[in-house]
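Trainee: Sequence:
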Amino acid sequence: MSRVLAADIGGTNIRAAVIDANGSLLDEVRVDAQLSNPALSADEIIHIIADLLQPMITADITAVGLGFPGFFRGSDGVLAASPNLPNIRELPLAESLSRRLGIRVAAQNDALCAAIGEHRFGAGKGARNLLHITLGTGVGGGLILSDQPWTGEYGMAMEFGHVRVADERACGCGLHGCLEAWASATAVSRIYAEQTGCIKSAGDIYSAACSGDSVAEALLRQTGEYLGAAIAEAVKLLDVHTITISGGLSGAWSLLYPPLMARMNSRLIPPLRDTIHVYQTSLGDQAGLLGAAYIARS
Numbered sequence: 001m002s003r004v005l006a007a008d009i010g011g012t013n014i015r016a017a018v019i020d021a022n023g024s025l026l027d028e029v030r031v032d033a034q035l036s037n038p039a040l041s042a043d044e045i046i047h048i049i050a051d052l053l054q055p056m057i058t059a060d061i062t063a064v065g066l067g068f069p070g071f072f073r074g075s076d077g078v079l080a081a082s083p084n085l086p087n088i089r090e091l092p093l094a095e096s097l098s099r100r101l102g103i104r105v106a107a108q109n110d111a112l113c114a115a116i117g118e119h120r121f122g123a124g125k126g127a128r129n130l131l132h133i134t135l136g137t138g139v140g141g142g143l144i145l146s147d148q149p150w151t152g153e154y155g156m157a158m159e160f161g162h163v164r165v166a167d168e169r170a171c172g173c174g175l176h177g178c179l180e181a182w183a184s185a186t187a188v189s190r191i192y193a194e195q196t197g198c199i200k201s202a203g204d205i206y207s208a209a210c211s212g213d214s215v216a217e218a219l220l221r222q223t224g225e226y227l228g229a230a231i232a233e234a235v236k237l238l239d240v241h242t243i244t245i246s247g248g249l250s251g252a253w254s255l256l257y258p259p260l261m262a263r264m265n266s267r268l269i270p271p272l273r274d275t276i277h278v279y280q281t282s283l284g285d286q287a288g289l290l291g292a293a294y295i296a297r298s
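With my numbering as the guide, the letters of the sequence shown map in order to residues 1 to 298.
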């Protein structure tokens, strides 16, 4: 049975797994890797990823699929840019890794890979159209239309983290007011520190909220409201009725979901209200890997 090697590249860690034709994850590894370091060069990024993947490539691995945070040119694996990596421009990521590893490599935006995984195997299975949102170090989005991944004309469709929701706060993309600057795990941690003087991870902020920390609770509810507002804008443009959300911050679902739904419905036109289904991922943190495996087989 053919197997592929899939990798999900995050800002602070890399996950990789061998995945068989049934979607079963085998030999999964996770390593720390500060790939959000703005000083990294293209060669250094290739070197870091290749060093992790090379030992996992065995004779029965037929291809490698890679989900990477950034703007890709269609499906050819060219990374046009990455908001947190200013030194990277028009990097032929798939081709460079293929030469280094000696095997075919497919690469795509990490959030689109997660969307593919959720659509094929997770909470979005059975939906012809799907908007998937990832809440991690940043905020990403992937779109499935008529059962097919939609990348747009130049590969940059559904950059959901850069929908503008408020005027303040600089974003890593160079603009201000992006959803990512308000609703990513990084942003939640930063805003909490500004309000309290205490540095906590997004997970610890959720735990604090559940333990009665009113600042933490209010912050997470505000995060849900910003998410709901951004989803409403996407729904009005796309008329997509199935939304799935993954990523570490989605673990705060009990606090995010009620204000998200309330704000979303308040921003929708009347015929769309109460028709949109928003689901927490059913795949946990495996959506991106399963999507990367899918593009490796395509």
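There's no promise every hint is true.
Between beta-carbon pairs, the in silico distance windows are [as the list claims (entries may be wrong)]:
(1) Ser211 with Gly74: 19 to 27 Å
(2) Leu238 with Arg297: 35 to 43 Å
(3) Ala80 with Ser282: 29 to 37 Å
Okay, derived cross-link-like pairs now, DMTMM-like style, lysine to aspartate or glutamate, Cα gap no bigger than 20 Å in a straight line [claimed, not checked]:
(4) Lys125 with Asp60
(5) Lys125 with Glu217
(6) Lys125 with Asp43
(7) Lys125 with Asp285
(8) Lys236 with Asp285
(9) Lys125 with Asp147
(10) Lys200 with Glu217
(11) Lys200 with Asp32
Simulated from the structure, these hints should not be mistaken for laboratory data.
Even glycine gets a Cβ: it sits at the ideal position worked out from N, Cα and C.
Trainee: Run every hint past the structure and note whether it holds.
Mentor: Evaluation of the provided hints:
Distance hint check for Ser211 and Gly74: the Cβ-Cβ separation is about 47 Å, which falls outside the suggested range of 19 to 27 Å. Between Leu238 and Arg297 the beta carbon distance is about 27 Å. The supplied range of 35 to 43 Å is therefore violated. At roughly 31 Å, the beta-carbon separation of Ala80 and Ser282 lies within the given 29 to 37 Å, and the hint holds. Restraint check for Lys125 and Asp60: not satisfied, since their Cα atoms lie roughly 28 Å apart, outside the 20 Å limit.
For the proposed pair Lys125 and Glu217, the alpha carbon gap of about 32 Å is over 20 Å, so the pair is violated. Only pairs whose Cα atoms come within 20 Å are accepted, and Lys125 paired with Asp43 is rejected, the gap being roughly 38 Å. Between Lys125 and Asp285 the alpha-carbon distance is near 16 Å, which keeps this suggested pair within the 20 Å criterion. Under the criterion of a C-alpha separation no larger than 20 Å, the hint pairing Lys236 with Asp285 is inconsistent with the structure, at around 28 Å.
Under the criterion of a C-alpha separation no larger than 20 Å, the hint pairing Lys125 with Asp147 is consistent with the structure, at around 10 Å. Between Lys200 and Glu217 the alpha-carbon distance is near 14 Å, which keeps this suggested pair within the 20 Å criterion. For the hint pairing Lys200 with Asp32, the CA-to-CA distance comes to about 19 Å; that is within 20 Å, so the pair holds.
Hint compliance for this structure: hints 1, 2, 4, 5, 6 and 8 are not met, and every other hint is.
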